[in-house]
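Trainee: Residue strings, one per chain:
Number of protein chains: 2
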Amino acid sequence: MEHGLNVGALFLAFAAALIGAKLFGELAERVGQPAVLGELLAGVLLGPSVLGLVPLSDAVLELAEIGVVLLLFEVGLETDLEELMRVGAPALAVALAGMLLPFAGGYAVTVALGHSALTATFVGAALTATSIGITARVLSELKVLATREGQIILGAAVVDDVLGLVVLAIVSKVAGGGQLEAATVARSGALAIGFLVAAIVIGIPLGRRLIRVVELANVRGVLGAMSVAFALLVAWAAKAVESAPIVGAFAAGMVLARTNRRHDIDSALKPVVDIFAPVFFIYVGAEVNVKLLNPAVPENRPALLLGLLLTLVGFLGKFAAGFCAWGKVRRAFIGAGMVPRGEVGLIFASVGLASGALPEPVFVSVLVAVFLTTFVAPPLLKLLRPRAS
Amino acid sequence: MEHGLNVGALFLAFAAALIGAKLFGELAERVGQPAVLGELLAGVLLGPSVLGLVPLSDAVLELAEIGVVLLLFEVGLETDLEELMRVGAPALAVALAGMLLPFAGGYAVTVALGHSALTATFVGAALTATSIGITARVLSELKVLATREGQIILGAAVVDDVLGLVVLAIVSKVAGGGQLEAATVARSGALAIGFLVAAIVIGIPLGRRLIRVVELANVRGVLGAMSVAFALLVAWAAKAVESAPIVGAFAAGMVLARTNRRHDIDSALKPVVDIFAPVFFIYVGAEVNVKLLNPAVPENRPALLLGLLLTLVGFLGKFAAGFCAWGKVRRAFIGAGMVPRGEVGLIFASVGLASGALPEPVFVSVLVAVFLTTFVAPPLLKLLRPRAS
Numbered sequence: 001m002e003h004g005l006n007v008g009a010l011f012l013a014f015a016a017a018l019i020g021a022k023l024f025g026e027l028a029e030r031v032g033q034p035a036v037l038g039e040l041l042a043g044v045l046l047g048p049s050v051l052g053l054v055p056l057s058d059a060v061l062e063l064a065e066i067g068v069v070l071l072l073f074e075v076g077l078e079t080d081l082e083e084l085m086r087v088g089a090p091a092l093a094v095a096l097a098g099m100l101l102p103f104a105g106g107y108a109v110t111v112a113l114g115h116s117a118l119t120a121t122f123v124g125a126a127l128t129a130t131s132i133g134i135t136a137r138v139l140s141e142l143k144v145l146a147t148r149e150g151q152i153i154l155g156a157a158v159v160d161d162v163l164g165l166v167v168l169a170i171v172s173k174v175a176g177g178g179q180l181e182a183a184t185v186a187r188s189g190a191l192a193i194g195f196l197v198a199a200i201v202i203g204i205p206l207g208r209r210l211i212r213v214v215e216l217a218n219v220r221g222v223l224g225a226m227s228v229a230f231a232l233l234v235a236w237a238a239k240a241v242e243s244a245p246i247v248g249a250f251a252a253g254m255v256l257a258r259t260n261r262r263h264d265i266d267s268a269l270k271p272v273v274d275i276f277a278p279v280f281f282i283y284v285g286a287e288v289n290v291k292l293l294n295p296a297v298p299e300n301r302p303a304l305l306l307g308l309l310l311t312l313v314g315f316l317g318k319f320a321a322g323f324c325a326w327g328k329v330r331r332a333f334i335g336a337g338m339v340p341r342g343e344v345g346l347i348f349a350s351v352g353l354a355s356g357a358l359p360e361p362v363f364v365s366v367l368v369a370v371f372l373t374t375f376v377a378p379p380l381l382k383l384l385r386p387r388a389s
Numbered sequence: 001m002e003h004g005l006n007v008g009a010l011f012l013a014f015a016a017a018l019i020g021a022k023l024f025g026e027l028a029e030r031v032g033q034p035a036v037l038g039e040l041l042a043g044v045l046l047g048p049s050v051l052g053l054v055p056l057s058d059a060v061l062e063l064a065e066i067g068v069v070l071l072l073f074e075v076g077l078e079t080d081l082e083e084l085m086r087v088g089a090p091a092l093a094v095a096l097a098g099m100l101l102p103f104a105g106g107y108a109v110t111v112a113l114g115h116s117a118l119t120a121t122f123v124g125a126a127l128t129a130t131s132i133g134i135t136a137r138v139l140s141e142l143k144v145l146a147t148r149e150g151q152i153i154l155g156a157a158v159v160d161d162v163l164g165l166v167v168l169a170i171v172s173k174v175a176g177g178g179q180l181e182a183a184t185v186a187r188s189g190a191l192a193i194g195f196l197v198a199a200i201v202i203g204i205p206l207g208r209r210l211i212r213v214v215e216l217a218n219v220r221g222v223l224g225a226m227s228v229a230f231a232l233l234v235a236w237a238a239k240a241v242e243s244a245p246i247v248g249a250f251a252a253g254m255v256l257a258r259t260n261r262r263h264d265i266d267s268a269l270k271p272v273v274d275i276f277a278p279v280f281f282i283y284v285g286a287e288v289n290v291k292l293l294n295p296a297v298p299e300n301r302p303a304l305l306l307g308l309l310l311t312l313v314g315f316l317g318k319f320a321a322g323f324c325a326w327g328k329v330r331r332a333f334i335g336a337g338m339v340p341r342g343e344v345g346l347i348f349a350s351v352g353l354a355s356g357a358l359p360e361p362v363f364v365s366v367l368v369a370v371f372l373t374t375f376v377a378p379p380l381l382k383l384l385r386p387r388a389s
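These protein sequence lines are chains A and B, in that order. The opening position of the first sequence corresponds to residue 1 in this note's numbering, with each subsequent residue numbered one higher. The opening position of the second sequence corresponds to residue 1 in this note's numbering, with each subsequent residue numbered one higher.
No lab work stands behind these hints, which were simulated from the structure alone. Some clues are possibly wrong.
If you want the ones that stay clear, here's a sample from chain A, every Cβ over 12 Å from chain B, calculated [claimed, not checked]: (1) Leu100; (2) Leu113; (3) Val201; (4) Asn300; (5) Pro302; (6) Phe323.
Straight-line alpha carbon distances no greater than 30 Å define the calculated DSSO-like cross-link-like pairs of lysine-lysine that follow [unchecked claim]: (7) Lys382/A - Lys270/A; (8) Lys328/B - Lys143/B; (9) Lys270/A - Lys270/B; (10) Lys270/A - Lys143/B; (11) Lys143/A - Lys270/B; (12) Lys143/A - Lys328/A; (13) Lys382/B - Lys270/B; (14) Lys328/A - Lys291/A; (15) Lys143/A - Lys270/A.
Cβ coordinates follow ideal geometry from the N, Cα and C atoms, glycine included.
Whole structure, please, built from the sequences with the hints as guidance.
Mentor: Structure follows, in structure tokens:
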């Protein structure tokens, strides 16, 4: 067991993340804000650019990834598949508008400020995907996951995440100088959508069988452990077909929600989510480098200006998309629910930076937009929340 | 979030570990063996030398380390500090005899087979420390943690682990060719013992204060998260003074056991332990390289012979140590409880290999002894178990 892993540093970071998340989550609630906003802010404070107690290391990232997968699994468990399919059409409309509008806005602003078309394409693409993790967490906190608005937001965010990865495959290809072939795009899209359908169609009988097998067991904690294993396997499969692990975990949750042990799984899962999900929000917050955000430093200003403009078009595009929903729903709430970017936007930005398509200052601008939309959403959602049905 | 971590591989390994642990744990129980034996065997199968589904990567090790820390925290929560202190004297006698006898036996056997005194010192030292993780898990499974025998074993294993690390500091120094100074030894010992005393003395009022603060919180899951943070911090502090993180986690558990929320913490913790502790046992099993254990390969035979002899002296030394306990107790059960080696033995072997003190074949012999003592203990404990008091 001699190894490269610094166990001491990991334990300290994990403990700091838990304490920071719960303390700031509580403070946020006391001033009438969702707890997740406090957790994000705690992450900024604990991250490398301020206190440095939570490093952006692989070890911490690992806990964050497990946390967000378990969170989405739990959200899936609390989601009714039929209910979600009933809002399929408006959710799709919201998702598509919510991708096109921010893409167009981001592209236009970036080109207008004198950047290349390639850079503008990456910027636009980075603004397309809603953060399903943050959205789901706020909806759950506000207890509106089961409302029609909640279902539309969730459905649209899933579509968004799936299509966002297709867009990523496309722009990465373009940035690499490769020829973009229609067949590649079609294949990538078909895989992502096919996976989700297959996970649900195959998953439902498989999940029921799993529960029957689990009921035969005598040893302690089998239901929880096997459910988590199921979620991890579907998340792994999602990743293997180049879709998002969190979409897989969400599908796994919806599938197990259709078994008779739904509530037992949920109660075995809650304490685990309570401990690991905060690490994800802390990690997202920790990625904010506050030094680049200081407007008193003249070199920061161009990036900040572009960042603010991107935040504006990113915000307005998603918010407007909410108004593409129909039926007796609070459209402004749906729009607000689509606003936070988070993980997928960060992946776009990182790929763009690594490939050279995004110059460093533009990379910072994208991060500003990703984070500002993420931070503005929780209080906005709380403000606009519909009465629980 | 572009990074070196392979999230897909991690999810797959985690899922395989959970499924293997629960399946083989169940099978072990069905044939009348403790579940942990099944988990260790599942680890051998899943590890790199057989199926290769669970790699010995930092990512998996991280989960294993968190698992064993949470397990020892849970064991601490179920331990009564006063009860443990009441058996302090016999536990100390068992611990000391259990270090001296295997050390002497291991040293003698290794020298007799023609190895150097330095090599023999490392071999002897590697046989000194009982695996508190495996022992505690079996005791808990057999529901004898609260018996006098269980308390003596646990107390002796803690002493063993603390002193084992002092011995490690000493032999590392010798292997490095450094001068061994009495002051260094004294400092190392004082630190390890002082830490344990300090953790308990400072921890008790601190733990009570923590619980009072936690009771003021409104957000979800604060008690579980803050208790885990507390355990991680004490584990980190233990590591910082060069003691064992699991000893720190155990102390943290004993400290929080003295608050009025003991049972709530325990029930918030159980589902988390159910999911992470198996990864530790799988990891330990995965470290077994079955290829080196095949006696049909002539090159393996000298190492296997020494390994079997070391297993014998390692077994007899610890088993005999159990008879140093006094009072109305089942001494053979105590001896059996001291037999498994596991983590600390592996650390010794790795340090010895890295420093050159242990030639590769002797390293394999030590691993054989560590694993055989580990695998033989659970069924033996089950066989010898006293009636629950």
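Trainee: Between lysine 328/B and lysine 143/B, does the CA-CA distance stay at or below 30 Å?
Mentor: 19 Å, holds
Trainee: Verify the proposed pairing of lysine 382/A with lysine 270/A, using a straight-line Cα cut of 30 Å.
Mentor: Distance ~23 Å between lysine 382/A and lysine 270/A Cα, so the pair holds.
Trainee: Looking at leucine 100/A again, its CB stays over 12 Å from all of chain B?
Mentor: Leucine 100/A is indeed farther than 12 Å from all Cβ atoms of chain B, at 25 Å.
Trainee: Has the given pair, lysine 328/A with lysine 291/A, been kept, meaning a C-alpha gap of at most 30 Å?
Mentor: The hint is violated at about 45 Å.
Trainee: Examine each Cβ of chain B, and state whether all of them lie more than 12 Å from the Cβ of phenylalanine 323/A.
Mentor: Consistent with the label, phenylalanine 323/A stays out of reach of chain B, its closest Cβ about 31 Å off (over 12 Å).
Trainee: Could you check that no beta carbon of chain B comes within 12 Å of the beta carbon of proline 302/A?
Mentor: 24 Å, holds
Trainee: Could you grab the alpha-carbon distance between lysine 270/A and lysine 143/B and see if it respects the 30 Å cut-off?
Mentor: This hinted pair holds, its Cα atoms lying about 26 Å apart.
Trainee: Is the nearest CB of chain B more than 12 Å from the CB of leucine 113/A?
Mentor: Non-interface label on leucine 113/A holds, nearest chain B Cβ at 25 Å vs cutoff 12 Å.
Trainee: Is valine 201/A truly not at the interface, in the sense that its beta carbon sits beyond 12 Å from all beta carbons of chain B?
Mentor: 21 Å, holds
Trainee: Would you assess whether asparagine 300/A, listed as outside the interface, keeps its beta-carbon beyond 12 Å of every beta-carbon in chain B?
Mentor: Non-interface label stands for asparagine 300/A: nearest chain B Cβ at 23 Å, farther than 12 Å.
Trainee: Just to be careful, I want the Cα atoms of lysine 143/A and lysine 328/A compared with a cutoff of 30 Å; is the pair within it?
Mentor: Holds, at about 19 Å.
Trainee: Hinted pair, alpha-carbon criterion (30 Å max): lysine 143/A, lysine 270/B. Please report holds or violated.
Mentor: 26 Å, holds
Violation of the numbered hints given earlier is confined to hint 14; every other hint is satisfied by the structure.
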